[in-house]
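**Student:** If you're matching them up, the sequences are chains H and C in order.
According to the working numbering, the first sequence is numbered sequentially starting from 1.
According to the working numbering, the second sequence is numbered sequentially starting from 1.
Rather than coming from a laboratory, the hints here were simulated on the basis of the structure.
Be aware that a few hints might be false.
[To be verified] Simulated restraints, written as ranges between beta carbons of each label pair:
hint : chain 1 : residue 1 : chain 2 : residue 2 : range
1    : C       : ALA72     : H       : LYS13     : 44 to 52 Å
2    : H       : PHE60     : C       : GLN2      : 16 to 24 Å
3    : H       : GLN17     : C       : ASN62     : 43 to 51 Å
4    : H       : GLN54     : C       : THR5      : 37 to 45 Å
5    : H       : SER70     : C       : SER30     : 33 to 41 Å
6    : C       : LYS109    : H       : ASN71     : 34 to 42 Å
7    : H       : SER51     : C       : LEU84     : 37 to 45 Å
8    : H       : THR38     : C       : GLU17     : 42 to 50 Å
Model, not experiment: these values are computed from the prediction.
Each residue gets a CB set at the ideal place from its N, CA and C atoms; glycine is no exception.
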Amino acid sequence: KAGVTQTPRYLIKTRGQQVTLSCSPISGHRSVSWYQQTPGQGLQFLFEYFSETQRNKGNFPGRFSGRQFSNSRSEMNVSTLELGDSALYLCASSLRGHTEAFFGQGTRLTVV
Amino acid sequence: AQTVTQSQPEMSVQEAETVTLSCTYDTSESDYYLFWYKQPPSRQMILVIRQEAYKQQNATENRFSVNFQKAAKSFSLKISDSQLGDAAMYFCAYYQGGSEKLVFGKGTKLTVNP
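Excised from the complex, chain H in its bound form (with noise of 0.2 Å):
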């Protein structure tokens, strides 16, 4: 059974450029939820999607965007990137809830 599937894993961009995140759950998970890693901040916690309706939202700006689609894959969406936008982003899957989530490996975004 393939695990959760991130795309790209690395990935440079320059000050106010926007990218786009790629996340496939394991095959049956309906809940895919994202977190951005940094040295100073930790774990933090972006947002849940469940059968492509967002379900929580973490406090960041609404240049932080996601969706889901109907085979449960996600995308996340950064616009107007800033310097501090530099981080891993992990995503996880979960058939519901994150009473055991499986993370993919992250998409590691350098802006500069």
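Add chain C to chain H, keeping to what the hints say.
**Tutor:** Then chain C, alone, in the frame of chain H:
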């Protein structure tokens, strides 16, 4: 809001020895889940062990066990017979049904010395 605190930024242990990582949390809820995740240099978060708050028995998974003290809101991880492959960042996390998110501690970097 729920918070998770890991007071040990770094720990080290000799191979084959036992080490305990500490975690405390704050919540007013009675039904929740607690987790320990391992993040090796490969960056992928791996679930090590899970504890359901309503279960009094401490969870164990091979060399990994927890000491869950619900009244004290404490959830420590004990790693027995430490191996070089146990070296990683360890994160304590909290989940409450309906919140649809994990709340993480800042992590403890574990070094295993040969």
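**Student:** Please go over all the hints and tell whether each is borne out by the structure.
**Tutor:** Now for the hints, and whether the structure bears them out:
The hint said 44 to 52 Å for the Cβ distance between C/ALA72 and H/LYS13, and at roughly 45 Å that hint holds. For the pair H/PHE60 and C/GLN2, the beta carbons lie near 18 Å from each other, so the given range of 16 to 24 Å is met. For the pair H/GLN17 and C/ASN62, the beta carbons lie near 45 Å from each other, so the given range of 43 to 51 Å is met. For the pair H/GLN54 and C/THR5, the supplied restraint of 37 to 45 Å is violated, since their beta-carbon distance comes to about 29 Å.
For the pair H/SER70 and C/SER30, the supplied restraint of 33 to 41 Å holds, since their beta-carbon distance comes to about 37 Å. About 37 Å separates the C-beta atoms of C/LYS109 and H/ASN71, a value consistent with the hinted range of 34 to 42 Å. The hinted window of 37 to 45 Å between H/SER51 and C/LEU84 holds, with their beta carbons roughly 42 Å apart. At about 32 Å, the CB distance of H/THR38 to C/GLU17 disagrees with the hint of 42 to 50 Å.
Violation of the numbered hints given earlier is confined to hints 4, 8; the remaining hints are satisfied by the structure.
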